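Peer 1: What follows is the residue order along each chain.
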Amino acid sequence: MQHKDRREFLGLGAALIASAALSSNLKASEHDHTAHGGIKRQLTFVNNPKRVLSPATIITPPEGKNYNPVVTLNGWSLPYEMKEGVKEFHIIAEPVVREFAPGMVVNCWGYNGTSPGPTIEAVEGDRVRLIVTNKLPEHTTIHWHGLILPNGMDGVGGLTQSAIATGETYVYEFTLRQSGTFMYHPHADEMVQMAMGMMGMFIIHPKKPQEHRVDRDFCFLLSSYDVAPGTYTPNPSTMTEFNLWSFNSRVFPGIDSMNVRVGDRVRIRVGNLTMTNHPIHMHGHPFEVTCTDGGWVPKNARWPEVTIDIGVGQVRAFEFVATQEGDWSFHCHKSHHTMGPMGHSVPNMLGVKQDDLTEKISDLMPEYMYMPMGKNGMAEMQDMADMGMALPENTLPMMSGQGPFGPIEMGGMFTLVKVRANQPKRDYSDPGWYNHPQGSVARKL
Amino acid sequence: MRKVVVFSFAAAVLFSGCSTLSQSDVFDSMNQMTSSKGSGELTWIKSAKEEEAVRSEVERLLKEPLSEENAVRITLINNRALQQTYEQIGISQSDLVQAGLMSNPLLGYSIGRGGGIRQSGVTLELAFLDLLWIPLRRELGGLALEETKLSVGDTVLQTLRDAKKRYIDARVAEESVRLNDDVLKSHEVSLQLATRQYTAGNLSKRDVLKIQDEYAHARLESIRLNRESAIAREALNKLLGIYGGQTYYTLSKEPLSLGNQPRENGALERIALKHRLDFASAQKRVEYAAKEAGYSKKTALLDEVTVELGSEKSTGESRINSIGVKIPIPIFDMGQGRLSRTQSLYNQSVQNLVSLAVNIRSEVREAYATARYNYDMASEYQNSIAINRDILEQTQLYYNGMLDGIYELLGDQRRYRDTKIESLKAIGEYQKAQADLIYTLGGENNATQR
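One line per chain: the protein sequences are A and B, in this order.
Heads up, the numbering used here is the position in the first sequence plus 300, with the first residue counted as 1.
Oh and the second sequence: position 417 is 397 in the numbering used here, straight run, nothing missing.
Please note that the accuracy of each hint is not assured.
[Said to hold, decoys possible] Computed beta-carbon distance windows for the label pairs:
no., chain 1, residue 1, chain 2, residue 2, range
1, A, Pro707, B, Ala210, 48 to 58 Å
2, A, Asp683, B, Arg40, 52 to 62 Å
3, A, Met669, B, Glu168, 14 to 24 Å
4, B, Leu189, A, Lys744, 38 to 48 Å
5, B, Asn363, A, Asp727, 57 to 67 Å
Keep in mind the hints are simulated off the structure, nothing from the lab.
The structure presented is a predicted model; accordingly, all values stated were derived computationally and were not measured.
Think of the CB as a built atom: it goes at the ideal place given N, C-alpha and C, for glycine as much as any other residue.
Here chain A stands alone, though its shape is the one from the complex (with noise of 0.2 Å):
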């Protein structure tokens, strides 16, 4: 995942300088979106987002740590400063622009820079001061969610604070307790701040590095967003009808895949703020849930699964031993998390002939390719997107992904884990498709 293409490049420089913005005069190096897939419409849901592109995954380099640092997936980790003894993190509440997949891009609001926010790390034990400044158009405050700390700590907007209002920023300053999976997000005005993204991971290290050490820790959220087609801003309304599941505000086939080296213990760490459960599947390794976000599981209540719910509000560790080499596919098992924008009400044409309608429908239309759909199904909905069939402005077909076979005819929750025998230690870059051993692939009889 080491990739060095200008635009994460851009992507990690805005990020960084973004979290450095508030004690500097630096301006964000600002991307604009108009350079990169002709977005024909200033995004003017508050003045001046900051608009960087959404980063590949960042690794945060071990060295002079005590602890082996988590890959968040198309994200990255916030950086501190040490002073007097408190690791001091510098957090920005801001609109942003997300881009969920090439080609697609979201108002949301975040964190400094991204949505979701940075993962922050620290050890257990560690004295952490997290300085929020709100820069948003509305009040916030942020809660701790797992967190064992004092109540006035807690971030709950009236309740243990008062809320951070726009342009305010406010200290919050505890001694982490545990270790294990948290998360952050928003106590005020939730139910808009969510939907528009905010949100992120907060990851405590054991104090003993030994403890718990897996070779590659992944962690990402999960979120989900109502974009409408053509549109840009998520309706903060919706309940139910999303059409956007993500892993950390990315979509298949814009999410990184998961790249290991067979014989790695791996652990994924995944946070739901979602309004659904999703029961995560990965294919091809059993694995154990190790942490929830109330702590560590003692190693005799593990148990073997191969799909972990993970309900609203929860987070979930679960851990493998990297076995099998090849190409995992990773998925929320709700089939319709793992598509991209549909209709809902769309006309059920299952087994209902329409070809012999096709010349009238294009004689009514004679300017449009008309071509009749759905009644074998929605796979062709894959072959438009693949003879390039135009969509919505900023709308994503609702599944494509091309894998070595064809379409992999998947959206939304859906990653993989590649596993290979030669991938270098410590190397997170994508390995390419698997190569599959002579007889090991399933044939056409």
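Mind docking chain B on chain A? Use the hints.
Peer 2: What follows is chain B alone, placed relative to chain A:
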């Protein structure tokens, strides 16, 4: 005595024989006048030969798809109501000829016998003052003819306007039917799909029935439009003056275009009064009434002065020639009745003129406002068409992405067609208003004149 008689006859012959304008001269002059106002050459069917020429011309014009220009052309040569008004010219012209004729002299012969005496006499009575009044009468007749010519010219321009309007109605109605055919076809496809969905178990009976009902309504609309088209065509046929096999002509399919915006013109009222033929005709009427009043005044008392020449011979006597005069004695009828009548007629014609002027000024303002706002509406529809085309384009994208279904796509295609029909009607309304404006301003070219 002999000299007087000779002179009288000579004068009478001179005045009567003086040739007046022929009917065709007058018609030609009207032809020229209306031609310059956009009517083109008119034909007055007065003989079988002319009738045949018109028939073959109409036949020829109807062979090709009928354009507005040709519809107007056919109407102006073939419409019998219009031909009927041309006869007014003949009537007025005959009146004028009549006015130039002196009353015939009365020749009297008497014979008597008694007491051995035989007496015979010859008298010639001549309404002598006719000699004086003939020029006046001829002047009046000339004015009446002029008034008739203008009035008939106005009818020509009205007919021209009506022909244009009925032609536009017929075109809009026919084109609407054509555009609606697509809407109907689209409903048909919807119903076919819905029925198949129902058969495949994918749609409820209720939903199919709803789509079927929409189709039924579309058919009703189609029938209604066909009816309108038939009616509009008949209105045009009446003006074209055609029947039977001639009515199977086709209308041109050249798209009706919006054309130019009516130009803002502060002098419209003035232009109208200057160029309107009905106004000019009313002006002639006033002139006529004024002249007639003067004529009545002059002739009030001496209208019936008669000169009588007599020659009498009694047996044994020598012939006695006599000359006498008959003068009415104005005791009972001093002409006051005729005089006040012509006064009133004059006053009436003046009031009519003023009232007409007021009406024309209002008409022209109204016609301009109608044309101008109709133009604005028609151009708004151009925007609406563009918007609906864009909507359809967007829906096509939604359909591509399976974000919308086929029914939305067909629905928006119908909406686009419906807007086109509305727009077509608006263009028609504008063109008709423009025809009204041109007539109101007294003919072609005046609408844009400054």
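Peer 1: If a hint holds in the structure, say so; if it doesn't, say that too.
Peer 2: Right, here's what the structure says about each hint:
no., hint, result
1, A:Pro707 <-> B:Ala210: 48 to 58 Å, "56 Å, holds"
2, A:Asp683 <-> B:Arg40: 52 to 62 Å, "58 Å, holds"
3, A:Met669 <-> B:Glu168: 14 to 24 Å, "21 Å, holds"
4, B:Leu189 <-> A:Lys744: 38 to 48 Å, "47 Å, holds"
5, B:Asn363 <-> A:Asp727: 57 to 67 Å, "59 Å, holds"
Of the numbered hints given earlier, the model fails none.
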